[in-house]
Every structure is written in structure tokens, then in C-alpha cells.
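Colleague: Chain residues, written in single-letter form:
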Amino acid sequence: MTSAATALANQLNFEDLVREHERMVFSIAYHFLQNGAAAEEVSQDVFLALFRGLSKLESRAHVTFWLRRVTCHRSIDYARRNKNAAAEVSWDELPEQPPENNSAQRGDPMLSKRLRQVIATLPEKMRMIVILRYQEDAGLEEIAKALRIPLNTVKSTLHRAHAILREKIGAAIGEGNV
Amino acid sequence: MSDKLEQELKKALRRVEPPASFAERVLARAAEEEKPGAPLRPWPQWLGMGGLRWAAASALCAALATSGLVYHHERQKQGEEAKEQLMLALRITSSKLQIAAEGVQQMNSPEENQP
Amino acid sequence: MNEIGGVMKRIGTIVALLLATQLTAFAQDWDPGGTLKKLSTRASKTVDVTLDRSMLQFASGFLDAKDPDQARARKVIADMKGIYVHSFEFDKSGEYTEQDVAAIRDQLKGPEWSRIVNVRSKSEGQNVQVYFRKEGEKFKGLVVIATEPTEFTFVDLVGPITPEDLRALGGQFGIPKVEMDQNSAGKKGESK
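In the order they appear, the protein sequences are chains A, B and C.
Residues 1 to 178 (the numbering used here) are what the first sequence spells out, left to right.
Residues 1 to 115 (the numbering used here) are what the second sequence spells out, left to right.
Residues 1 to 192 (the numbering used here) are what the third sequence spells out, left to right.
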């Protein structure tokens with residue numbers, strides 16, 4: 001294949017990949033960092049890293065895994081570098097989520113916001129595990145690979161996260177402590 | 001883990017839309033990286049200080065020279081060629097349309113319509 | 001990330017080959033008898049520009065917004081799906097005939113095509129025809145066929161280009177502009 005064809009193929013694929021994955025990447029960063037500007041900065045860096053290394057990726061599934069992993073690590077790095085900066089819980093920055101049609105989703109409209117605020121107080125690794133589990137519906141092994149931590153650590157951390165969340169928010173959703 | 005809490009977590013952590021034109025900004029930054037003279041990225045902190053930094057710098061430069069720079073130069077060249085092709089195509093199109101316009105104008109000029 | 005090479009490069013190859021196939025197939029749509037290929041073998045100079053949507057977008061990224069022509073080009077191609085230009089210059093007249101190009105003109109006789117300009121200059125031997133393609137009320141493309149004794153040019157612009165865009169396109173990119181009277185468009189006739 002000519003280098004021109006490779007370049008063209010890469011150009012096509014990169015734009016497609018950005019549009020396909022921008023919500024995922026941005027959302028991971030946003031839910032983790034709780035700040036729109038920071039999330040955009042991290043997300044852009046992630047996609048630029050993808051752009052530079054596109055030829056090394058082997059499949060679309062590999063791209064998805066790679067993007068998740070890099071977004072997680074860069075978000076955590078960003079948070080550590082900016083530890084002293086107060087987190088801005090600027091929920092007004094983003095447009096409102098479209099209303100859910102499913103009746104099971106109705107209830108306390110502020111509950112999601114409160115949950116996100118509680119999640120923001122969790123330790124970094126724990127927070128990211130919760131985000132991958134419930135935003136991305138990732139399996140435990142997938143989370144372990146993405147964060148490069150043992151599977152048992154993922155399990156125990158997630159278990160502790162549930163306990164914390166139940167304690168802090170359980171009353172609001174009609175659950176007591178077990 | 002209760003279903004109720006899981007449901008609420010999934011709802012709270014639904015994916016959100018990035019800000020408007022996010023993708024365009026990413027693509028623009030990627031295109032900027034292709035241009036010659038783009039500023040070098042800041043030195044990564046994790047590489048540390050002193051001798052280790054210089055050794056790492058040499059290795060990094062060698063890696064860039066053999067892969068990244070070659071790729072970027074090639075891409076820049078292809079982009080410039082595509083741009084030249086595009087401008088040529090538009091010039092040719094414009095010139096032919098101009099001939100058509102001049103012909104139509106002559107056809108409709110008052111002198112032509114004199115009995 | 002894993003090492004260089006592998007499935008992604010192969011996917012890239014397949015994409016590039018499919019793209020090339022599409023380009024070839026499109027060219028064949030306009031060239032059932034291989035006219036363009038024949039003309040290119042006889043021509044002393046050939047300009048052959050093939051830019052599909054992806055290449056237009058690629059090229060657009062390198063246009064300089066500070067250059068007026070390039071900034072204009074970016075606006076023109078924003079919604080275009082393809083620009084294809086084939087231009088042939090010959091050493092002497094008679095190297096190609098009307099029959100040579102008839103197969104291409106025949107492609108423009110369908111109901112979706114409207115010829116809006118047919119300008120002929122007997123003294124200079126120039127003939128320019130402009131066709132629009134419409135689907136319902138939507139403009140879908142533009143074809144220009146320009147013939148001179150020692151030159152043949154075929155331009156195919158694919159995309160939502162309107163008569164207004166056409167007027168904006170003429171007299172740009174270094175070509176002096178002459179205002180085209182909108183009421184004149186659609187009349188056929190001879191200039192001299």
C-alpha cells in the first residue's frame with residue numbers, strides 16, 4: 001500500500017474515531033474531574049495521542065479499549081497535578097440530559113446530581129472504577145486491564161464503593177445500611 | 001449491590017455530550033500538529049532530572065527522527081499536494097464558467113439586441 | 001499500545017482500495033467508451049484532478065484562511081462530495097471530434113439533468129455547456145463541458161451546488177469576474 005493511501009486511510013479513520021468515541025472519552029473525564037474545561041483538555045490530549053499512535057492500533061475494539069485506558073490514566077494524572085485546585089461542580093456547563101422516557105427513571109431529579117457529588121469525593125481509583133462500571137458497563141476484568149490493577153483489587157474496591165455510596169445516599173433511594 | 005442503587009448510578013453516570021464543536025477542535029489541533037514549525041511539546045515530568053533526562057532525550061529524538069517526523073513530513077507533503085490539486089481544479093472550473101458568463105453577457109448586450 | 005503493523009494497517013489498506021475502486025467506478029460512469037482515457041493518450045498535456053469527499057476534507061485542512069482564494073475555496077467545498085476535472089490540450093485541432101465526446105454528453109440527457117447554459121463562439125471555436133443535476137428541488141451537482149479546437153475540458157462537481165454558488169464561483173481564484181445576468185441563465189444561443 002502506498003504511503004499516500006495509508007495517510008488517507010489514517011485521516012479517514014481518525015475523524016471517524018473522534019466522532020464515534022468523543023462522548024465516551026469526554027464523559028469519563030467529565031465524571032471523574034467534575035469540570036468541563038478540564039474534561040475537554042484531557043479529552044483533546046487523549047485524541048491527539050490517538051492521532052499520533054493510530055497506526056499502532058490493531059482493531060476498532062483495540063481502539064475502544066485503548067481510549068478508555070488512556071482517558072482513565074490521563075484523568076487521574078490531571079487530578080493529581082491539580083490537587084490543590086478546587087473542583088468546580090459546574091453542572092450548568094453542559095446541556096440538560098434529555099428526559100428519560102422510561103418510568104423507572106423518574107423520581108428525585110436531584111438524586112443524580114447528589115450521587116455525582118458523592119462519587120466526586122471517592123478516592124481516585126475507586127471513583128474511576130465506579131465510572132467504568134456504571135458509565136461504560138465495563139466488566140471487572142476489563143476494568144482491571146484498563147487501570148492495570150489486579151482483578152481482586154477491582155472487586156474489593158467496588159465493594160467498598162458500594163458501601164460508601166449506600167451509607168451516604170442510601171436514605172435518598174429508600175435503602176438503609178445493611 | 002442493590003438494583004436500585006445500580007440503576008441510580010447508571011442514570012447519574014450516563015454519557016454526556018461534549019461541548020459544541022469538540023470534534024472540530026480536536027481535528028484542528030491534529031492538523032496543526034502536521035504543520036512545520038509546530039512547537040515542541042513540554043518535557044514530560046516523569047522523565048526526571050539530570051543525566052537520565054539527557055539519555056532519555058537522545059533516545060526520544062532518535063525515535064522521533066525515524067518515525068514520527070518522517071510520517072508528519074509525508075503527511076504535510078500529501079496535504080499540500082491535495083491543496084494544489086484542489087486550487088487547480090477550482091481555477092479551471094472558474095475559467096470555464098467565466099467563458100460561459102462572458103458568452104451570455106455578450107448575447108444579452110444592448111449592441112447585440114439592436115435591430 | 002502494541003507494536004507497529006497488524007490489523008489496523010490491513011484495515012487501512014482495505015479502506016484505501018475500496019476508495020480507489022469507488023473512484024475508478026465513478027470515472028467509468030462518465031466514460032463508458034473510455035473516451036477520457038483515449039483523449040489522454042492523444043493529448044500533449046493532461047490535467048486530471050480527482051477529489052472525492054474525503055480528499056476534499058483532507059485538502060481543506062491545509063487551506064490557508066488568510067489567503068482570500070484559499071478561504072473562498074474552503075467555503076466552496078464545504079458541502080461538496082467530489083470535484084473531478086479532466087482537461088486535455090492537443091497540439092493541433094482535429095485530434096478529437098464531437099463523436100469522441102458524444103458518449104459523455106449522452107450521459108447528461110436524463111430527466112435529472114438540465115442544461116442551463118450553452119454558449120458557442122464560432123469565431124473562436126469555443127463551446128461551453130453547463131448542466132445542473134437536480135433531485136426534486138435539490139441541486140445535486142454541476143457539469144461543465146468546454147471544448148475548443150485544441151482543448152477539451154470536463155468538470156464534474158458533485159454536491160449541493162446551486163446557481164447562486166455558480167455565480168460566486170465564476171471569476172474567482174485569479175480569474176477576472178464578469179457578472180452573469182441571472183435572467184440569461186437557461187437561454188441557449190450563439191454569441192457571435
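Please note that a few of the clues may not be correct.
[To be verified] Listed next, the in silico DSS-like pairs over lysine-lysine satisfying Cα-Cα at most 25 Å (straight line):
(1) A:125 <-> B:10
(2) A:56 <-> B:77
(3) A:113 <-> B:10
(4) B:11 <-> A:113
(5) B:4 <-> A:155
(6) A:113 <-> A:83
(7) A:125 <-> B:4
(8) B:4 <-> A:113
(9) C:92 <-> C:45
(10) C:45 <-> B:83
Quick caveat, the hints were computed from the structure, so don't treat them as lab data.
Colleague: Are any of the numbered hints broken by this structure? If so, which, sorted upward?
Modeller: none
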